Structure formats: C-alpha cells, structure tokens
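Could you build all of it, start to finish, from the sequences and the hints given here?
Next come the chains, spelled out residue by residue.
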Amino acid sequence: MEARDIAASGPAGIPRRLEAASPRYGEKVIFGLLAGCAILSVVTTTAIVIALIGPTIGFFGDVPVGDFLFGTEWSPQFEPPSFGVLPIVVGTLSVTLWGMLFAIPIGLGAAIYLSEYAHPGVRKIVKPALEVLAGIPTVAIGFFALTFITPDILQKLATSAPIFLALSAGLGIGLMVVPIIASISEDAMRAVPAGLREGAYAMGATRMRVATRVVFPAALSGIVASVVLAISRAVGETMIVVLAAGSTPNLTFDPFQSIQAMTAYIATIATGEVAQGTTKYDTIFAVGTLLFVMTLILNMISIRFVRRFRQVYE
Amino acid sequence: MSDEPRTERARLAVAGARATTAAVVSGRPRKDVIKNTLFSVLLLVAILLALAGLVALLVQAFVKGRPDLSVGLFTDSGSSDPTIAGFKQAILGSLMLIAGVIVMVVPLGIGAAVYLEEYANSERWWNRLIELNIQNLAGVPSIIYGILGLGFIVRGPLDLGFIAFAGSITLALLVLPIVIIAAREAIRAVPPSIREGSLALGATKWQTIRRQVLPASTSGIATGVILAVSRAFGETAPLLLVGAATFVTFNPEYFSGDYTALPVQIFQYATRPQDEFRILSAAGIVVLLLVLLVMNSFAIWLRNRYEQRW
Chain A
1 MEARDIAASG
11 PAGIPRRLEA
21 ASPRYGEKVI
31 FGLLAGCAIL
41 SVVTTTAIVI
51 ALIGPTIGFF
61 GDVPVGDFLF
71 GTEWSPQFEP
81 PSFGVLPIVV
91 GTLSVTLWGM
101 LFAIPIGLGA
111 AIYLSEYAHP
121 GVRKIVKPAL
131 EVLAGIPTVA
141 IGFFALTFIT
151 PDILQKLATS
161 APIFLALSAG
171 LGIGLMVVPI
181 IASISEDAMR
191 AVPAGLREGA
201 YAMGATRMRV
211 ATRVVFPAAL
221 SGIVASVVLA
231 ISRAVGETMI
241 VVLAAGSTPN
251 LTFDPFQSIQ
261 AMTAYIATIA
271 TGEVAQGTTK
281 YDTIFAVGTL
291 LFVMTLILNM
301 ISIRFVRRFR
311 QVYE
Chain B
1 MSDEPRTERA
11 RLAVAGARAT
21 TAAVVSGRPR
31 KDVIKNTLFS
41 VLLLVAILLA
51 LAGLVALLVQ
61 AFVKGRPDLS
71 VGLFTDSGSS
81 DPTIAGFKQA
91 ILGSLMLIAG
101 VIVMVVPLGI
111 GAAVYLEEYA
121 NSERWWNRLI
131 ELNIQNLAGV
141 PSIIYGILGL
151 GFIVRGPLDL
161 GFIAFAGSIT
171 LALLVLPIVI
181 IAAREAIRAV
191 PPSIREGSLA
201 LGATKWQTIR
211 RQVLPASTSG
221 IATGVILAVS
231 RAFGETAPLL
241 LVGAATFVTF
251 NPEYFSGDYT
261 ALPVQIFQYA
271 TRPQDEFRIL
281 SAAGIVVLLL
291 VLLVMNSFAI
301 WLRNRYEQRW
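As they're listed, the protein sequences go chains A and B. Each step along the first sequence adds one to the number in this note's numbering, with nothing skipped, and position 163 is 163. Each step along the second sequence adds one to the number in this note's numbering, with nothing skipped, and position 261 is 261.
I should point out that these hints are in silico values taken from the structure, not numbers from a laboratory. Hints are not guaranteed to be accurate.
[Stated by the list, open to error] DSS-like mimics (lysine-lysine), calculated; alpha carbons at most 30 Å apart, straight line: (1) B:K205 <-> A:K127; (2) B:K35 <-> A:K124; (3) A:K28 <-> B:K205.
[Claimed, not checked] To be clear about the criterion: a stretch of chain A counts as covered by chain B if any three or more of its residues have a C-beta under 8 Å from a C-beta of chain B, and this derived list gives those stretches: (4) 116-129; (5) 132-138; (6) 199-207; (7) 250-261.
Just so you know, these numbers come straight off a predicted model, no measurement behind them. For glycine and all other residues, C-beta sits at the position ideal for the given N, C-alpha and C.
What follows is the structure, given as structure tokens:
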C-alpha cells in the first residue's frame with residue numbers, strides 16, 4: 001500500500017528484514033474478533049452442557065439413576081410419582097422405527113432414481129421439490145399428521161385407531177426425513193466415479209445391476225451417514241410427535257397406541273404450570289440430557305461416515 | 001443417468017463393448033427383464049410417494065384453511081374465540097424475532113466462517129475442535145436449544161426473562177451453524193489466485209478478505225443466511241421453552257413483555273379440539289408456507305443469478 005515501504009532499506013544500504021513496516025495492530029484486532037466468532041460455537045456447546053447438567057445433578061439427588069434409566073413407569077405428575085424413563089424412551093424409539101420403515105426405502109429409492117435413472121430434465125424439477133419438502137416447518141407436518149394422516153388414512157384403514165397414535169407421528173417424521181436421506185445419499189451416489197459404472201456396463205450389466213451392485217456399495221458410507229442423520233433428526237423432533245402421537249407414556253412399540261415421546265414430554269411440561277425448582281420440573285433437564293447424549297452419539301457416527309465417503313472419491 | 005461429460009473415446013469404447021456383450025448374451029432371460037422393469041417401477045413409486053406427501057400437505061392446508069383465509073388473519077388478535085381470532089400479534093412477534101436473528105447471525109456467522117477458512121490452521125487441535133463442534137451443533141435437536149435458552153438466557157447467567165430478545169438469541173444460536181457451514185462453502189469457492197493477486201499487490205490479509213473474498217462470495221453467503229432465517233421463521237419447539245407460549249392481545253415489544261410467534265400460535269390453535277381452531281391453524285400454516293416459499297424462491301434466484309463461475 002504505502003510507497004515508502006518499497007524504499008525502506010537500511011541506512012548503509014543493508015536490506016532490512018522482510019517484515020511489515022507497521023505492526024498492523026488493526027489486523028490483530030480483526031483476527032481476535034473473527035476467532036471470537038468461531039469460539040462462540042464452543043461457548044454455545046459448553047452452555048448447553050452446563051444448562052443441562054446443573055438441574056440434572058439436582059434431579060439425581062432426589063431420584064436414583066438406576067430408577068430413572070431402568071424404571072418402567074413414567075408418572076411424575078401422580079402421587080407418589082414414578083420416574084422410570086423407559087416408556088418415553090420407547091415412545092421416541094417407536095415413532096423413529098415406524099418413521100424409518102417408511103423413509104429409508106422411499107428416500108433410497110428416490111436417491112437411486114435421481115442419480116441413476118432420472119432424465120436431467122426430470123431431475124431439475126424433482127430436486128427442488130424435495131428441497132421444498134425439506135424446508136417445510138415441522139409444525140405444519142405435525143398438523144398434517146394430526147388432521148389428515150390420522151383421520152383420512154389410518155382411521156379409514158383401521159377403524160379402531162385412536163386420535164393420537166405412534167404410526168401417524170412416525171409417518172409424519174418419515175415425510176420430514178425423506179429429503180435428508182434422498183439428498184445426502186444422492187450426493188454420495190453421484191460422487192461414485194463414472195468409470196466404475198462404465199466398467200460394469202461394458203461387462204454387460206443391466207442398469208439395475210449397476211445401481212444395486214456397483215453404485216450402492218460404492219456409496220455405502222454416504223448412505224449410512226444419511227440414515228444415521230435421519231434417525232438423529234427423528235429422535236430429536238418435537239412438534240410432530242407432540243401434535244400427532246399423544247401424551248400418554250406407554251411402554252410399547254405398537255404403532256396403533258397413543259404414546260409420549262421424550263421431546264413431547266419436555267414441551268408439555270415446559271408449557272404447563274409446573275413450579276420451577278421442583279423435582280417434577282427438573283425432569284425436563286434429565287430427559288433433555290438423555291436426549292442430548294443420544295443425538296450426540298448418532299451425530300458423531302454420521303460425521304464419521306460422511307468423512308469416509310469424502311476421503312475416498314474427492 | 002449421470003450427466004458428467006465423458007470423453008468421446010470412452011463413450012465409443014463403452015458402446016462397442018456393450019454391443020459386443022449384448023450380441024453374446026442376446027436372448028437375455030425373461031426373468032431379468034421383468035426384474036429390471038419391476039425395480040425401475042419401484043423407484044418411481046418411491047419418488048412419487050414422496051412428492052405425493054408434499055402435494056397432499058400443501059393442498060390439505062389450503063383446502064382446510066380456506067374459510068379463514070382473509071385479511072382478518074393479519075388484523076385480528078389472538079383469542080380464545082375462534083370467530084374473531086387471528087394472527088396479528090403472532091406475525092408481528094415473528095417479524096421481530098427474525099429481525100433480531102438476522103442482526104446477530106450475519107456478523108457472527110460470517111466472522112466464524114472467515115476465521116475457519118482464511119485464518120485457522122486446520123492442523124491445530126483447537127481449530128479441528130471448533131470445526132467438529134460446529135458440525136455437532138448443527139445436529140443438536142431444536143428443543144435442546146430451548147433448554148439452553150431457558151437455563152442460560154431467560155434465567156441463569158443472562159437472566160433476561162421471557163422476552164422476545166431472549167427468543168431471538170435462542171433462534172440465532174440454533175441457526176448459526178447453518179450460516180457458518182454455508183458461508184464457509186461460499187468462501188472456499190473463491191479461487192486462491194484472487195487472494196494471491198491481492199496480497200501480491202500489497203494488500204493486507206484483512207484488506208484482501210474485505211475487498212476481494214467477501215464480495216466474491218456474497219451470493220453464496222446470502223443464500224445460506226436466507227435458508228437459515230427461513231428455518232428460524234418456522235421453528236416452534238425452542239420458543240415453547242423460552243416463553244412464546246402465551247396469548248398476546250396487545251402489540252408485542254422486543255425488550256419487555258409477553259410475545260408470541262406465528263408457528264407457536266399455529267401450534268396452540270391446532271391443539272384445541274374444536275374444528276374452528278383447526279381451520280384457523282390451517283390458514284396460519286398457509287401464511288407461514290407462503291412466507292417461506294417467497295424467501296426460498298428468492299434464495300434460489302439469488303443463487304442462480306449471482307453464482308460466479310471461476
């Protein structure tokens with residue numbers, strides 16, 4: 001910038017060392033500010049852990065850890081209360097299971113179709129449509145499950161189906177995660193080098209064989225990552241389960257029963273009239289900690305698989 | 001199939017090999033043909049089911065909400081009487097929340113992205129920790145952010161109370177990872193030669209970033225910000241925990257008093273058993289989806305219009 005820098009050689013013609021003439025304090029301040037922005041993410045995580053752990057420790061002062069983790073009755077609002085978390089954990093897992101049974105075949109089918117079969121023109125329309133689906137707020141999907149999937153599909157198929165049931169929430173969650181599975185899996189499939197496909201075609205393989213025996217295995221780590229990420233989203237989803245699955249803790253995987261999921265429990269208590277500082281109120285932090293740990297493990301697995309597929313082909 | 005460019009030689013070789021093999025194995029067993037057809041039909045069914053779900057959702061919200069789709073939605077207050085209830089305060093609340101989110105998320109998100117792409121040495125463990133941490137934060141359930149907001153912002157260290165500002169901070173933290181990840185990709189797409197040219201002319205590192213790198217990546221960053229903001233706009237669960245749960249009959253303020261948001265109000269109307277409230281809820285969903293549609297279309301337009309190819 002400054003012209004005098006160019007002439008800045010030493011007095012007796014000895015060249016000065018190659019460093020900036022000005023210490024550039026401004027640059028250092030900016031570096032500090034930018035690093036601060038990045039460090040904020042670590043602060044956020046720390047704050048989440050502190051916000052969860054504090055009341056959770058208080059909760060385990062009143063309720064033994066074993067009773068919480070392995071108890072089969074969840075009734076904090078009754079007298080005497082019971083704090084066995086298994087029914088709402090099973091509620092979450094049940095909704096996730098039924099959602100995945102719907103979303104995995106559909107998401108993977110869509111991914112294979114888009115990556116291996118679809119005409120580029122079709123792809124240009126379908127991809128943005130899936131992006132739109134991915135952007136729909138979950139409260140809208142929950143409303144759809146409650147007022148359409150349950151009364152107009154499930155209760156028509158099984159007349160005894162209740163107003164709130166795990167299957168309806170599961171289907172809603174399935175609809176929510178289909179775009180996640182489809183888009184990440186499709187990215188992974190398209191990252192498979194064309195040479196592998198051409199080799200198989202040259203050997204006389206049919207399109208189906210190329211898709212199932214060459215592309216699918218080659219993209220497997222990306223596909224696994226997409227499914228694990230979808231499971232993590234399903235476990236952490238709140239609005240769909242709170243609207244469509246009900247609020248009765250129920251230790252069952254029966255899709256036609258009303259259940260309560262962990263997230264739905266947290267939302268219900270937090271919006272209710274429970275006094276702060278009571279054991280019942282602290283349950284939301286204990287359940288939140290369990291939920292955080294579950295999704296953290298799933299996310300770590302997913303990140304690991306994504307890294308693997310990036311390393312192989314990029 | 002894939003639309004990657006292939007060399008003419010490879011194409012000819014493949015075509016030749018296919019023709020030869022096809023000639024050798026002509027009279028392919030009928031079972032194979034049936035299996036292949038069946039498989040492609042199944043794939044088509046999968047994609048059609050996903051699209052049908054999307055269409056059904058949109059149509060159902062519109063059909064169910066149509067009786068209530070009028071200007072009254074925007075001018076009537078929240079109420080427990082469905083005939084006069086609307087979304088006025090909820091929409092105002094959502095706009096305030098989102099304005100706050102944008103103000104916080106743009107500098108923080110871009111700052112973190114610039115640090116990670118331009119300054120951080122990814123060999124250092126602390127930079128790798130920050131990176132992994134951001135990836136993980138992107139996957140933390142939204143209701144956990146609600147607990148963070150409740151325990152840290154509404155009460156605890158910040159102790160702001162149940163006000164809209166606290167809701168904004170919570171939503172901003174929730175979507176920050178989305179902005180950072182999108183901004184990093186946009187910054188990474190700027191070729192190193194641009195930076196080297198600038199540095200070679202004597203610009204400092206920050207001058208290079210400010211005058212070359214950021215202008216060149218603006219459209220990518222803006223797209224990421226819009227997508228993040230539309231996510232924040234539709235988010236409900238964390239707001240339930242940080243106080244946006246009450247009916248508000250007066251215009252909300254940002255730094256004091258009760259507030260609510262459009263998706264929260266939709267949720268509350270939906271949980272009531274009377275069908276009138278469900279109709280109102282569906283009408284609210286139509287408004288919500290229209291706003292998001294406009295925002296997302298703008299993001300897509302921005303991406304296509306200003307995308308720079310180097």
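Here is what the structure says about each hint:
1. The straight-line distance between the Cα atoms of K205 (chain B) and K127 (chain A) is roughly 39 Å, outside the 30 Å bound, and the hint therefore fails.
2. Using a Cα cut-off of 30 Å, the hinted pair K35 (chain B) and K124 (chain A) holds, with the two alpha carbons roughly 28 Å apart.
3. Restraint check: the Cα-Cα separation between K28 (chain A) and K205 (chain B) comes to about 10 Å, which is no more than 30 Å; the hinted pair holds.
4. As drawn, the segment 116-129 of chain A meets chain B at 6 residues by the rule of a beta-carbon pair under 8 Å; at three or more, the given contact holds.
5. Counting residues of the segment 132-138 of chain A whose beta carbon lies closer than 8 Å to any beta carbon of chain B gives 6, which meets the minimum of three for the stated coverage.
6. Restraint check on the segment 199-207 of chain A versus chain B: 6 residues with Cβ-Cβ distances below 8 Å, three needed, restraint holds.
7. Closer than 8 Å: that is the beta-carbon criterion, and the segment 250-261 of chain A has 0 residues meeting it against chain B, so the requirement of 3 is violated.
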